[in-house]
Amino acid sequence: MPHFERLYNFACWLTQDRQEAEDLVQETYVKALKGFPSFQPDTNFRAWIYKILRNTFLTSRTGLKATATVPLDLEGEEEILPAVKETPESILLQRSDGQLVQQALEQLPVAYREVLLLCEVEEMSYQEIAVTLAIPMGTVMSRLSRARKALRNGLRPQFKKG
Amino acid sequence: MVCESWKAKLDTYLDGELPEQEMRTFDAHVRGCPSCSADALTRVQMKRAIQVAGKRFVPTTDFRRRIELSITPKPQRSFRLGWMLASATAVILVVGATTSTYMGNRSGRDQASRDHVYSEIADLHVTTLASSSPVDVISTDRHTVKPWFQGKIPFAFNLPELQNSEFSLLGGRMTYLDQTPGAHLIYDVRKHHISVFVFQERSLSARLDETSLSPKQLPFNMETWTQGGLRYFVIGDASAADIDSLAKLFKAAS
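As they're listed, the protein sequences go chains A and B.
Quick note: the first sequence uses our numbering, first residue 11, plus one each step.
Quick note: the second sequence uses our numbering, first residue 3, plus one each step.
Just chain B, same shape as in the assembly:
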């Protein structure tokens, strides 16, 4: 079979685990070989999909607090034992921080990219509302708005039934975040406009929390969560309770 010997090492190559010289030889081969480059692309997609799917569980703040308390030395312990535990905790924290600079940088970068996404969402919300034509499909009927997105975005999603709620749908438009297409819906509640954004989770570069309420740096109330592989953002200057109510309607509809 063509390139059998190369393909046997393709995963090791993509994991960056071949010796330097062999990596360079492999680079040259993959660039010039359609079969190996197609295979490499598939495997990279698979790696990326596992990476996204694998970052799934986020600890609660309550659990974090419990762990912090459990590893913090108790004041009633003897001075010597307390000192030893404190030293061990400190050393673990220092060693953890210093021996994992890469991971530290990654987590810093994760936070920075999260902040960037939240900020982009806020910008999209504001600039859309400032526009003279904020929506491209103007309808209060979800059965009109939902089909409008067909063929425009690479996924489907459900819009909630709004009967017996204070919300009304104003319409929707296509939007982009991280060069990724998504849906932008605008709702009204007591003269406040609320934006709902929907994107494919795996297409976003930032690693977002599974659920997050009102990131502090934003001047708006916001709620974001992931459901069925889609990432939802609900943002607006309405009260946190209104944002949460609309989010709940979406969660129930999905």
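The shape of chain A in the complex, shown without the other chains:
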């Protein structure tokens, strides 16, 4: 099954519940089979199946709840990441385990979490992410930028604690 393990991992991050993630992956494959005639052979299969999974998630109860409580589009104004003078994150990353980063990822709004995961874990191009999330490339870039900033901010308290 193409992308099975990675789809499951992504589904777990979206739902934050293994049982729901299993249901989500199963539904995704069923929809992919049913909707296969709509797949354009020359287009990106990976982006297509991730898009199905994500759309299925967004219409689920958990997905509706996750996106209803968090503004999805904060991209109106452009903001540049501040230049990094100090690098607390790098010190933190060097001396801590991955759990802190996992916790910081968990705390992110789903819109930020998904774009970061698609970029860093799935190593999708901006173009693929744009197709998967059905947003313009410019929005992918600004959302990524904001997601990274939010993650850095999420890690700072951990740094202070450490």
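Treat the hints with caution; some may be incorrect.
[Unchecked claim] Using 25 Å as the maximum straight-line C-alpha spacing, the simulated BS3-like pairs for lysine-lysine come out as follows: (1) B:LYS253 with B:LYS193; (2) A:LYS159 with B:LYS11; (3) B:LYS49 with A:LYS159; (4) A:LYS44 with A:LYS61; (5) A:LYS75 with A:LYS159; (6) A:LYS61 with B:LYS49; (7) B:LYS253 with B:LYS148; (8) B:LYS11 with B:LYS148; (9) A:LYS41 with A:LYS61.
[What the hints assert, rightly or not] Selected chain B positions facing chain A (Cβ under 7 Å, derived; list incomplete): (10) LYS49; (11) ASP64; (12) ALA208; (13) ALA254.
Read the hints as simulated data drawn from the structure, not as lab findings.
Values in this document were obtained by computation on a predicted structure and should not be read as measured data.
Note that CB positions come from ideal geometry on N, CA and C, so glycine has one too.
The hints should help you fit chain B onto chain A, whose structure is shown.
Chain B in isolation, oriented as in the chain A frame:
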């Protein structure tokens, strides 16, 4: 601020998304600019940390089987419907395989690097036991062995209490895997020696399963898992039950 215009595009550069010409210009600038290169290093570390932390959930074999069954055409369906589903399944599998050669290669590479790690662990276990001085700190007392690692490895871990168990601690030594320092502990159970290796998960290049029991290609029994950002391997020629018991003691202690 210095390099503001460069830094605004630093993430796009590190994501490999700038046009080719601009990438080359950026390369040259980052190499010559201490501020941008330090910033780039931090961001690369962050990217790497997200990548490692993000690969967190592994499906169970039972779930995989259920999905495979659910997308396999049922024999009692009509010939036409069954044929259509079979075709769609086949096409999805083929398209998935062909349109994601890169991902396929990656997963192949993942498997190869996993096998490499397991094989390295087995080698470390065997060569250590073959050595005339397998341990550098000789003690059955965990309160002696644990502090010995201080300053030698970049993390701390807990050793289990062995009272009322059949295991005894023989000692420990420093070891390396993937150029990463780690701890190697040796235990004894009914004349069998068992190695326990502990490394930082994020330092290992291979993407290992969250939990894995006795990879088939190994001549030993082995159990590996990740806990608290550390990757544990328990390996030896003792029975799978003994390996599992020692693993459980470590899991409970961590």
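Hints, verified against the model:
1. B:LYS253 with B:LYS193: Holds, because 23 Å separates the two Cα atoms, which is no more than 25 Å.
2. A:LYS159 with B:LYS11: At roughly 14 Å apart (the allowed maximum being 25 Å), LYS11 (chain B) and LYS159 (chain A) satisfy the hint.
3. B:LYS49 with A:LYS159: holds (12 Å)
4. A:LYS44 with A:LYS61: holds (15 Å)
5. A:LYS75 with A:LYS159: Roughly 24 Å separates the two Cα atoms, so the pair holds.
6. A:LYS61 with B:LYS49: holds (23 Å)
7. B:LYS253 with B:LYS148: holds (16 Å)
8. B:LYS11 with B:LYS148: violated (46 Å)
9. A:LYS41 with A:LYS61: holds (11 Å)
10. LYS49: Hint holds; LYS49 (chain B) Cβ to chain A Cβ min 6 Å, cut 7 Å.
11. ASP64: Violated, about 10 Å.
12. ALA208: violated (14 Å)
13. ALA254: violated (18 Å)
The structure is inconsistent with the numbered hints 8, 11, 12, 13, although it conforms to all the rest.
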